[in-house]
Structures are given as structure tokens and as C-alpha cells.
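Under our numbering, read the sequence shown as residues -3 to 120, first letter to last.
To be clear, the hints were calculated from the coordinates, so they are not data collected in a lab. All clues stand as given, with none of them false.
Ranges between beta-carbon positions, derived for each pair:
{"#": "1", "residue 1": "G15", "residue 2": "E69", "range": "16 to 24 angstroms"}
{"#": "2", "residue 1": "G15", "residue 2": "G108", "range": "30 to 38 angstroms"}
{"#": "3", "residue 1": "R21", "residue 2": "G72", "range": "13 to 21 angstroms"}
{"#": "4", "residue 1": "V(-2)", "residue 2": "R18", "range": "34 to 42 angstroms"}
{"#": "5", "residue 1": "V12", "residue 2": "G87", "range": "30 to 38 angstroms"}
{"#": "6", "residue 1": "R57", "residue 2": "E84", "range": "17 to 25 angstroms"}
{"#": "7", "residue 1": "E88", "residue 2": "R21", "range": "30 to 38 angstroms"}
{"#": "8", "residue 1": "E102", "residue 2": "G58", "range": "26 to 34 angstroms"}
Even glycine gets a Cβ: it sits at the ideal position worked out from N, Cα and C.
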Amino acid sequence: MVTLLIVDGANVVGSVPDGWWRDRRGAAGRLRDRLVAYTDSGLPGVAGPLEIVLVLEGAARGVPPVPGVRVDEAPGSGDDRIAALVAEAAGERPCVVVTADRGLRERVAAAGGRTIGPRAVYGP
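Let the sequences and hints guide you as you build the complete structure.
Right, dumping it as C-alpha cells:
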């Protein structure tokens, strides 16, 4: 069964101090491109294959999808959209969210998903 991997774009991009604040859309695009490599192989603790959804909000919107990574533009709060996606997948297949946001982690767990931190994507 293919695991749904949902990436909290704002939180994950913000975890790396690489100047992302100067070009949020560009940083989101770089993250999207990095995620492609994990579609087949998976991430530490999350076996592939993966269906990857990158959730973006605010100034990061406008990044197109690429094969292997769907881009979901949150109409409002990215956290609300992620919680809704987890709730939709609950019980049907495994769902993992990449985020360090404590409040979102609690919402994901309550909806039946699990979380991993941004280091799973960016390494130690």
C-alpha cells in the first residue's frame, strides 16, 4: 500500500536558514524538487513508494507540481489543509506528515496520522 506523505511546506522550508525568506516561492520549488527523490525510496522510517503532497500557503503559492510531487495550495491555513488531508486518508492508508509544528503534530495524531521532523527530508 502506498503511504501518503504530506509535507508542511512552510514549516519544512523554514527549518533551513538558507535565505528562504527572500524568495518563498523559490524555496518551495527547491523543496518540491528535493522531494521527488523520495517517491520510490521513501524516507528514514517511511518505506516507499510514497504519494507525496506538498502543502503551500501564502507567498509560496504558485509552485507547479512535478511528476511524483503533487502541490496543494491551501486556501487559508496550511495547517488546516494538512489536517483535512490526513482526515480524508485516515483508515484507508498510512499517512505521514513532515513537520516540526507541535500543534499540527497533535492534530495529525488525533486524525490518525503520524509525523516525522524536517530532518527526514534535509538530513542531520
